[in-house]
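For this note's numbering, count along the sequence shown from 1 and bump the result up by 8.
Hints listed in this document are in silico derivations from the structure and should not be mistaken for laboratory results.
Treat each hint with caution, since some may be false.
Here are the simulated lysine to aspartate or glutamate pairs, EDC-like style, with alpha carbons at most 16 Å apart [as the list claims (entries may be wrong)]:
| id | residue 1 | residue 2 |
| --- | --- | --- |
| 1 | Lys123 | Glu158 |
| 2 | Lys76 | Glu170 |
| 3 | Lys76 | Glu158 |
| 4 | Lys123 | Glu148 |
| 5 | Lys76 | Asp163 |
| 6 | Lys123 | Asp55 |
| 7 | Lys112 | Glu187 |
| 8 | Lys123 | Asp102 |
| 9 | Lys123 | Asp163 |
| 10 | Lys112 | Glu90 |
| 11 | Lys71 | Glu90 |
| 12 | Lys91 | Glu148 |
| 13 | Lys99 | Asp55 |
Pairwise CB distance ranges, derived in the manner of DEER restraints [unchecked claim]:
| id | residue 1 | residue 2 | range |
| --- | --- | --- | --- |
| 14 | Pro64 | Gly150 | 16 to 24 Å |
| 15 | Gln72 | Ser132 | 13 to 21 Å |
| 16 | Arg173 | Glu90 | 34 to 42 Å |
| 17 | Val155 | Gly120 | 27 to 35 Å |
| 18 | Arg172 | Gln151 | 27 to 35 Å |
| 19 | His171 | Gly150 | 25 to 33 Å |
| 20 | Gln178 | Val155 | 22 to 30 Å |
| 21 | Gln175 | Gln134 | 19 to 27 Å |
Ideal placement from N, C-alpha and C gives every residue a C-beta, glycine not left out.
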Amino acid sequence: MLFREQKVAILIVAVLFCAACHGKKDTVITEFVTNHRAAIFVFLAPDCPLSQGYMPALNRLRKQFEAKTVEFYGVFSGRGSEKGAMDDFVKTYDIQFPALPDPKLTLATFFGAAKTPEVFAVDSNQHIFYKGEIDNWAPELGQHRQVITEHYLQDALNSFLEHRRVQVQQTDAVGCFIEQ
9 MLFREQKVAI LIVAVLFCAA CHGKKDTVIT EFVTNHRAAI FVFLAPDCPL
59 SQGYMPALNR LRKQFEAKTV EFYGVFSGRG SEKGAMDDFV KTYDIQFPAL
109 PDPKLTLATF FGAAKTPEVF AVDSNQHIFY KGEIDNWAPE LGQHRQVITE
159 HYLQDALNSF LEHRRVQVQQ TDAVGCFIEQ
């Protein structure tokens with residue numbers, strides 16, 4: 009098994025390689041969805057309180073779906089991709105999935121990501137079957153619910169894996185804007 013640092017290094021190379029693939033949009037994420045039933049790309053920012061607050065939930069979801077060949081990737085775009093800040097975030101919040109630097113916003117542009125945290129659930133054919141919020145814990149910036157009543161990402165993954173129609177395919181993410 010690869011050490012986390014080795015896996016991240018391999019993924020960094022894959023992002024750089026794929027970003028240069030003659031402008032073919034579908035090649036940007038090919039390496040990440042191959043050999044997985046689904047891949048979850050969650051855009052994070054080291055200084056975003058919601059990115060920080062969602063890490064326990066994201067780690068739990070990753071663990072819950074890992075055996076079903078669903079992989080999670082934390083994407084740090086623009087300013088959020090600075091190595092020191094990204095490494096500190098990964099260590100402080102004990103991210104249990106690969107972290108991808110996206111300094112030139114290649115993945116953010118590909119998905120149309122604008123906020124952190126914002127998730128994109130993609131099947132092995134590179135079709136996005138869910139995008140938006142993780143759940144309804146934070147209805148607005150600075151507000152948190154005591155009880156989460158909607159588990160958008162978890163429900164979408166369960167429906168997808170059970171070959172059922174994903175009922176909620178898109179929500180509007182609440183969070184910090186991705187900065188160049």
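Hint check results:
1. Lys123 / Glu158: violated (19 Å)
2. Lys76 / Glu170: At roughly 11 Å apart (the allowed maximum being 16 Å), Glu170 and Lys76 satisfy the hint.
3. Lys76 / Glu158: violated (22 Å)
4. Lys123 / Glu148: holds (13 Å)
5. Lys76 / Asp163: Distance of about 14 Å is within 16 Å: holds.
6. Lys123 / Asp55: holds (12 Å)
7. Lys112 / Glu187: holds (11 Å)
8. Lys123 / Asp102: violated (21 Å)
9. Lys123 / Asp163: Distance ~21 Å between Lys123 and Asp163 Cα, so the pair is violated.
10. Lys112 / Glu90: Distance ~11 Å between Lys112 and Glu90 Cα, so the pair holds.
11. Lys71 / Glu90: With Cα atoms ~27 Å apart, Lys71 and Glu90 exceed 16 Å; violated.
12. Lys91 / Glu148: violated (29 Å)
13. Lys99 / Asp55: Holds, at roughly 14 Å.
14. Pro64 / Gly150: 16 to 24 Å: holds (19 Å)
15. Gln72 / Ser132: 13 to 21 Å: Because 19 Å falls inside the window, the suggested range holds.
16. Arg173 / Glu90: 34 to 42 Å: At 40 Å between Cβs, range holds.
17. Val155 / Gly120: 27 to 35 Å: Given about 31 Å between the Cβ atoms, the range holds.
18. Arg172 / Gln151: 27 to 35 Å: holds (31 Å)
19. His171 / Gly150: 25 to 33 Å: violated (39 Å)
20. Gln178 / Val155: 22 to 30 Å: Since Gln178 and Val155 have Cβ atoms about 23 Å apart, the given range 22 to 30 Å holds.
21. Gln175 / Gln134: 19 to 27 Å: Once the Cβ atoms are compared, 22 Å apart, the range 19 to 27 Å for Gln134 and Gln175 holds.
Of the numbered hints stated above, those contradicted by the structure are hints 1, 3, 8, 9, 11, 12, 19, listed in ascending order.
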